[in-house]
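**Student:** Chains as they are written, first to last, in our numbering: chain A, 1 to 190; chain B, 1 to 578.
Quick caveat, the hints were computed from the structure, so don't treat them as lab data. The beta-carbon is built from N, C-alpha and C at its ideal position, and this holds for glycine as well. Accuracy of the hints is not assured; some may be wrong.
[Stated by the list, open to error] A few chain B positions that, by computed beta-carbon distances, are all more than 10 angstroms from chain A: (1) Leu-305; (2) Asp-459; (3) Asp-482; (4) Leu-514.
[To be verified] Covered by chain A, according to a simulated footprint, are these stretches of chain B (three or more residues, beta-carbon under 8 angstroms): (5) 211-223; (6) 230-240; (7) 252-263; (8) 320-328; (9) 332-344; (10) 359-370; (11) 533-542.
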Amino acid sequence: MDTKNIMIVGVGGQGSLLASKLLGKLLVDEGYDVKVSEVHGMSQRGGSVVTYVRFGDKVYSPVIEDGEADFIVSFEKIEAARYVKQLSKDGTVIVNTQEIDPMPVIIGAAEYPKDVLTEMKDKGVNVDAIDALSLATQAGSAKASNIVLMGRLAKYFDIPYEKWINAIENSVKPQFIEMNKKAFELGYYC
Amino acid sequence: MKKLLIGNAAIARGLYEGGCSLISSYPGTPSTEITEEFAKFSDTYCEWAPNEKVAMETAFGAALQGKRSACCMKHVGLNVAADPLFTMSYTGVNAGLVICVADDPGMHSSQNEQDSRHYAIASKIPMLEPSDSEECLEFAKLAFEISENFDTPVFIKTCTRVAHSQSIVEIGERTEVTKEYAKNGAKYIMMPGNAIKRHPFVEERTKALTEYADTSGINRIEKADNAEFGIITSSTSYQYVKEVFGDSVSVLKLGMVNPLPINLIKDFAKLVNKIYVVEELDPIIENHCKSIGVDVIGREVFSILGEFSQKSIAKAFNIQDKYSVDLDTQIPVRPPMMCAGCPHRGMYYVLARNKVTVLGDIGCYTLGAQPPLCALDSTLCMGASVSSIHGFNKAGGTETEQKTVCVIGDSTFMHSGVTGLINIAYNMSNSTVIILDNSITGMTGHQQNPTTGYSIKGDPAGKINLEDLCHSVGINSVRVVDPYNLDECEKVLKEELNKNEPSVIISRRPCVLLKYVKPKTPLKVNTDKCKGCKKCMKFGCPAISFKDGHAKVDTTLCIGCEVCKQLCAFDAFESEVK
Chain A
1 MDTKNIMIVG
11 VGGQGSLLAS
21 KLLGKLLVDE
31 GYDVKVSEVH
41 GMSQRGGSVV
51 TYVRFGDKVY
61 SPVIEDGEAD
71 FIVSFEKIEA
81 ARYVKQLSKD
91 GTVIVNTQEI
101 DPMPVIIGAA
111 EYPKDVLTEM
121 KDKGVNVDAI
131 DALSLATQAG
141 SAKASNIVLM
151 GRLAKYFDIP
161 YEKWINAIEN
171 SVKPQFIEMN
181 KKAFELGYYC
Chain B
1 MKKLLIGNAA
11 IARGLYEGGC
21 SLISSYPGTP
31 STEITEEFAK
41 FSDTYCEWAP
51 NEKVAMETAF
61 GAALQGKRSA
71 CCMKHVGLNV
81 AADPLFTMSY
91 TGVNAGLVIC
101 VADDPGMHSS
111 QNEQDSRHYA
121 IASKIPMLEP
131 SDSEECLEFA
141 KLAFEISENF
151 DTPVFIKTCT
161 RVAHSQSIVE
171 IGERTEVTKE
181 YAKNGAKYIM
191 MPGNAIKRHP
201 FVEERTKALT
211 EYADTSGINR
221 IEKADNAEFG
231 IITSSTSYQY
241 VKEVFGDSVS
251 VLKLGMVNPL
261 PINLIKDFAK
271 LVNKIYVVEE
281 LDPIIENHCK
291 SIGVDVIGRE
301 VFSILGEFSQ
311 KSIAKAFNIQ
321 DKYSVDLDTQ
331 IPVRPPMMCA
341 GCPHRGMYYV
351 LARNKVTVLG
361 DIGCYTLGAQ
371 PPLCALDSTL
381 CMGASVSSIH
391 GFNKAGGTET
401 EQKTVCVIGD
411 STFMHSGVTG
421 LINIAYNMSN
431 STVIILDNSI
441 TGMTGHQQNP
451 TTGYSIKGDP
461 AGKINLEDLC
471 HSVGINSVRV
481 VDPYNLDECE
491 KVLKEELNKN
501 EPSVIISRRP
511 CVLLKYVKPK
521 TPLKVNTDKC
531 KGCKKCMKFG
541 CPAISFKDGH
551 AKVDTTLCIG
561 CEVCKQLCAF
571 DAFESEVK
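Use the sequences and the hints to build the structure in full.
**Tutor:** Here it is, written out as structure tokens:
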């Protein structure tokens, strides 16, 4: 199988680490060669963060470049637009419609771009937009947006539903399993 | 058992399996997780040292005593540890000694992009360079063998993309190794009469290691039939080369980058018509090839700056760009910033309001340089704030002394700020040093340090009292302020700046991300009272934005520090009643 590329992007502190941990574990269990790459450090302080997940028969590079991502899973609206140049021709952007103002917007030096999803669609990008924050809150915690989005991503894969659930059970603390399973379900079926 | 591990965790596993009994390190991105992961093993010793020099000397001592040991640091940390490094090359080791160093091409989290391979060459110490997590584990184990067989410390060098990328590794068993300690002054007392006899040993050792590089298999040729050209590469660059070319070109993959092989490179040159060298940062392999008479292409087509990727390699070979969407909308940048409720922000606000010159240092608080606070004037390296304010004030005189401070974190102060403070006390400048004490090593992800009272494993440990330490080196005026109290900070700042003696202000409040710091009720804005003057926006708190003519608090971010309340002339910030 050719290498498949998934990017997880968002704002530092939104839980991309758990999402990539879950994906990585699942894909290793499925028997793929897997590489997951992220940059720690500065990015934890509310900055823009990106994680690369690559899997296939044999994966070499740990990074995903322009035009290579099969999926971009974005935890925040304009972060999807920031990284969309890395999407492949037939790729899909799964995006949480939540808006988080970056510092230039907070201090009034820039405007929050409102219509990026429309512009992406106009340029032929497959955009799958969901309100992951509301769904996560419905599941029991605003912090579970990451798992809602993983549920949405799962729809595009042939991997059985139960295997994703197993991966969740093995990646989160026992007291949060039920809530995260609910979040995953809401993302999958919304 | 197969596991998906980041390179750093794989190095920790490899060191553990290789019988490592002690690690002493100072945290630094992207090296930190090696030590953190190693601390999780119960049958070994692991610690945070105050700085990299102390860490390296601690590891040296343990190896001398007879236990396999290691120390880990980022590239700039190796500058701090360079003094013991060069002479450890002469003494060699008893039990194996491994130095892990992580470079940061692209400067994701660093102040420069120096290439650590120069240190291996200069100190004549072998350096292994893994290209993925599997090699991280293998090379860490192998490093101890090389260390003992050749009587030398051994480097394992990574970069951000190897240190922080996860790939699959096979977990193995641990081997225990213990050597007897025997007094051997000729080998371990490096005074001139002894050192002069050790230098020839070092030169012979390099020859032996070069033969090892040629023959051991750590450097390997991957031959492709009918290949147009060949590529010499190592580290993550190898992965990019394979991503672009697969098995269609011949590759000399280097796992050991010091000393570099000679015969193997010459043999490789016979196999191909043309050779490219693909290496990030400085042209070290390239210059070596040229020095042994092998013609190669390197910096003519590849950049000396930043990280590579499959894209940059493809571009260098004129392989066409892939399809890519371009949006017309400009997306505003999203830089990292100090968190909502960060205790550093209050002190920075006071400094900015008083238009004080601020010599800065390395840590989360370097983020105070950004708008809207723009509170810093310089940042150089760990500890430099305290040493350079002394020079700044000596050069500028009384007028400068009265409007200049330096800021340094608690961990950075313990690392190398205290020596600068000793200089201020000894050579008498009226400098004002502000220690931003958030009671943790923040930027690298919350590591304990000598002022926190806890060890790397979270057990109670010795606790250095900052006030006593400052007093003891000769600073009479040591004041402690709460950075959430702006008036107090301003009053103490003005008093200390005007004193005719050196002083230390300890701005003390724990990092809001620490588990024991419980957030208070978030504030809200009373829009009847808010006049839209935007004074609170000058504070740069990410929880406060300006919407529809009024300030607005993001209650998911606000931790109720209430500093914004002190800024507002109209009492518009109110505690939410639950």
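**Student:** Indicate, hint by hint, whether the structure satisfies it.
**Tutor:** Outcome of the hint check:
no., hint, in the structure
1, Leu-305, "holds, 17 angstroms"
2, Asp-459, "holds, 23 angstroms"
3, Asp-482, "holds, 22 angstroms"
4, Leu-514, "holds, 14 angstroms"
5, 211-223, "violated (count 0)"
6, 230-240, "holds (count 3)"
7, 252-263, "violated (count 0)"
8, 320-328, "holds (count 8)"
9, 332-344, "holds (count 8)"
10, 359-370, "holds (count 3)"
11, 533-542, "holds (count 4)"
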